[in-house]
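S.K.: I would like the entire structure built from these sequences, with the hints used as guidance.
Quick mapping for you: the protein sequence lines, in order, are chains A, B and C. First residue of the first sequence? That's 1 in full-length UniProt numbering, and the numbers climb one at a time after it. First residue of the second sequence? That's 1 in full-length UniProt numbering, and the numbers climb one at a time after it. First residue of the third sequence? That's 1 in full-length UniProt numbering, and the numbers climb one at a time after it.
Any given hint might turn out to be false.
Put simply, identical chains are the same to the list, so a pair is met inside one copy or across any two.
Result set (DSS-like, lysine-lysine): computed pairs, CA atoms no more than 27 Å apart in a straight line [unchecked claim]:
#, residue 1, residue 2
1, 3, 294
2, 120, 3
3, 3, 321
4, 326, 3
5, 114, 229
6, 294, 114
7, 294, 229
In case anyone wonders, no lab produced these hints; they're calculated from the structure.
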Amino acid sequence: MAKTNAGRFFEDYTVGETIRHAVPRTVKMGERALYHMLYPARHALYSSDQFAQGCGLPFSPLDDMIAFHVVFGKTVPDVSLNAVANLGYAQGRWLAPVWPGDTLRSESEVIGLKQNSNGKTGVVYVRTTGLNQHDEPVLEYVRWVMVRKHDTDAPAPDTVVPELPEAVAASDLVIPQGLDFTDYDFTLAGEPYRWGDYEVGERIDHVDGVTVEEAEHMMATRLWQNTAKVHFDTSARPDGSRLIYGGHVISMARALSFNGLANAQMVVGLNGGAHANPCLAGDTIRAWSEVLDKAETSAPGVGAIRLRLVATKGGEPFRLKGEDGKYLPDVLLDLDYWALMPM
Amino acid sequence: MAKTNAGRFFEDYTVGETIRHAVPRTVKMGERALYHMLYPARHALYSSDQFAQGCGLPFSPLDDMIAFHVVFGKTVPDVSLNAVANLGYAQGRWLAPVWPGDTLRSESEVIGLKQNSNGKTGVVYVRTTGLNQHDEPVLEYVRWVMVRKHDTDAPAPDTVVPELPEAVAASDLVIPQGLDFTDYDFTLAGEPYRWGDYEVGERIDHVDGVTVEEAEHMMATRLWQNTAKVHFDTSARPDGSRLIYGGHVISMARALSFNGLANAQMVVGLNGGAHANPCLAGDTIRAWSEVLDKAETSAPGVGAIRLRLVATKGGEPFRLKGEDGKYLPDVLLDLDYWALMPM
Amino acid sequence: MAKTNAGRFFEDYTVGETIRHAVPRTVKMGERALYHMLYPARHALYSSDQFAQGCGLPFSPLDDMIAFHVVFGKTVPDVSLNAVANLGYAQGRWLAPVWPGDTLRSESEVIGLKQNSNGKTGVVYVRTTGLNQHDEPVLEYVRWVMVRKHDTDAPAPDTVVPELPEAVAASDLVIPQGLDFTDYDFTLAGEPYRWGDYEVGERIDHVDGVTVEEAEHMMATRLWQNTAKVHFDTSARPDGSRLIYGGHVISMARALSFNGLANAQMVVGLNGGAHANPCLAGDTIRAWSEVLDKAETSAPGVGAIRLRLVATKGGEPFRLKGEDGKYLPDVLLDLDYWALMPM
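M.R.: Take a look at the structure:
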């Protein structure tokens, strides 16, 4: 039994250490086909080589969320196997497109530790980097999780809490090399609305809904080699339910947001995110968005738009928190990201 | 909310207009692998590059129904989002194989309009063409749907009903370039029966059945980027059920027909089709076929066979309509197509 | 109806005959992506081209169990459509890696026949070989099944029972050309344990569990073009349940065994196997292993390890048979195989 991975506990982390996560993964067109089977993904730049070429890219990259899920999945056995809660994301940036045939691996640096006052758990902050086969970073983000202590007598580490800006500055976003939206085909993309048509504060109800099934979320989560027991094993939680991987909700909501944001093509920044309530099979996921900010970029015809993406399991759109400041019970996800859009 | 697609209503169509549908799609071997996972597809020409080469093709094309589903799926947001019923197909022809790596897009010309006497709905006839990245047509078919009016006061258009022959003439079928069945390997194909072994009027019970699941039909439908709400959202229909995409039934029945029609390799014509009754998860799909016609072709060793393919959800085979001329309640599909078979 | 395949019955087999099975299949990266979606497969050599290159291979081969399932699936219509029980496996050897783009087909030689005393059934022994597009064998194994007689008056054949050694001799295992584990990266592989760290008799509880769904096992089974009715059709068994393909349990257990056996990279021998009890949707599959034997090989840094892999649907690990010598009711699979591991 000593040979199986029991996961790390709070006392097993040291600020400054770097963890090289296991099981590199070569991703190709098969993973893209699966992504389009699991989510109603329709952003044209990720669907058609010719459309991507019309935007200055050599061909269609893999969906940005595939990169996120693969990189994230590798961290689970080392970071969140004994996690009580996934507390937040910050400072996420997509640094280079992932092309079919790339091999991804992940590394995480521990950048903060804070034991909780109960002495039983603590918060671990990691900065995770996804790298391709050329050792070039393709994605980085900060994530913090609450992790159990195994030995509650282990001494508390010095508290280190990293300073995390509320959002990635627009000037820090990395625009994929060659991207050019000056000849963008709005008809083939599916909607006529450009960067200039969106106003800060504007909200969009994405209208469509998808009722999720056990088989789907397990297959999606497995595809990213995410091994957290709670997603697969009905005996892992007291009520016998399988908790849906938060990333499944992210991808579903992002795909649903096509309807009203078809031209928010590339995700380049992850400012923050909260998995507000658990999602279970049988829930019908819906989504709405709010425009939080806009910025110009140096690339021809390319604007940046900062969006709040909210996934719900019912209820009216545009509701987020109650009078107590807490998320309403039917809110699943509150995500804050930057996307690139034709100007 | 103005930015989301509410779909077109009856009064939004004009005879003669051409709609360029959105979201082109590059399809590769991943889509083929998925097709073989979702359906019990075993026709050897679509399973093995070497078998296809033995039939004169450069390698194995994507299944003809993949081409149909991808082309059809793109039309949904513009043609059938507000459809009350899918009324029929006619004059369908596969014009060129779809190869892994091809990018497909769709266009539809409105060729007919007829307002119903109730003033609330009307029938829209479109001729849809699927095109590859070289702008070569790979598939065309006529489809007519009943669509709601949004503004019931909108004036009725002039009635235009296209003349639609009962079937594609055998002489109009397009045989893929190079196809040659003279060295056809019947053992590897799975059955010894050739074109000459089938007689007009002959009926075949395909014996096998598949009980369908929600996860499967949703993944299949999503794969083709078909966005119709009724397939995904349990709140879209009064009884909370998700209606299975008619094309899922077509592909399931075609795959089941391998058992008895293993050598009906390529689908080249779609003469007509009716989705006779709704299919829901839990139904067990079975299929039977009837030989309607036979014709020779100009390609070496290649014959054409016209088949009725009937999918049911139970009951005895070979039953289709009641004394009232209406489809029996357990009939799901009545499809009329041309396939190519070794002589 | 004469044209559909009713399957072979016991009296239809002759010792010495070779059956060429139908429907060759080209397998590529799409099939690999699906395998990683259907099973929690994480062995690094099958996940990353770069990792495989670090082990002396040109790139990452398809999982050994994909080869097994594809080769096995093709035999079903000719060998086990009328089987009452799958009795055993022996003398299985993987003879060459399967690379993306290979086309597989199967042949079986009938090597034994023994009518049962009841006169209604008999045991058929076949040696199945999987071949690639160069007609090179990639896999061979012996399997025996109990098959119904159609005509109980048909005379009993001479009894021929092949001699089947208990295990493949280590010296008969075929090591893939070029395989070299001297620069093996244990960190990227996920565990630090090498061949020398395992002792004969050692047992490992693989800890994780997966609750299986109907949609998943049907998709997996269909992917291998396995057509046995009992897996798909709720009307095929008296209780309305769909029996899960035994190979689905094999792949699930092998994938779960990563946790504790992450370095048992390549499966090269199949000594024996029993599907001890039926597996149904809703069961939670767990696995444990026992080290049965160890051997050196001629390849640099490569050791062979013989493992018993047991899949269960609950209960404590390490329990296998009752006092009566029969498998306990929660044991699903008892598999005996050889794998290659860094020394």
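S.K.: Compare the structure with each hint and give your call.
M.R.: To see whether the hints hold, each was checked on the structure:
1. Taking the shortest alpha-carbon separations for residue 3 and residue 294, only the inter-copy value of 18 Å comes in at or below 27 Å, while the best intra-copy value is 51 Å.
2. For the homomeric pair residue 120 and residue 3, the shortest alpha-carbon distance inside one copy (25 Å) is at most 27 Å, but the shortest distance between copies (49 Å) is not.
3. Within a single copy, residue 3 and residue 321 get their C-alpha atoms only as close as 45 Å, which misses the 27 Å cut-off; across copies the closest is 25 Å, which meets it.
4. Taking the shortest alpha-carbon separations for residue 326 and residue 3, neither the intra-copy value of 42 Å nor the inter-copy value of 29 Å comes in at or below 27 Å.
5. Proximity of residue 114 and residue 229 under a CA criterion of 27 Å is satisfied intra-copy only: 25 Å inside one chain copy versus 46 Å between copies.
6. In the homo-oligomer, the alpha carbons of residue 294 and residue 114 never lie at most 27 Å apart, since the shortest distance is 35 Å inside one protomer and 46 Å across protomers.
7. Taking identical chains as interchangeable, the C-alpha atoms of residue 294 and residue 229 are never at most 27 Å apart, the minima being 40 Å within one chain and 31 Å between chains.
The earlier numbered hints that this structure contradicts are 4, 6, 7.
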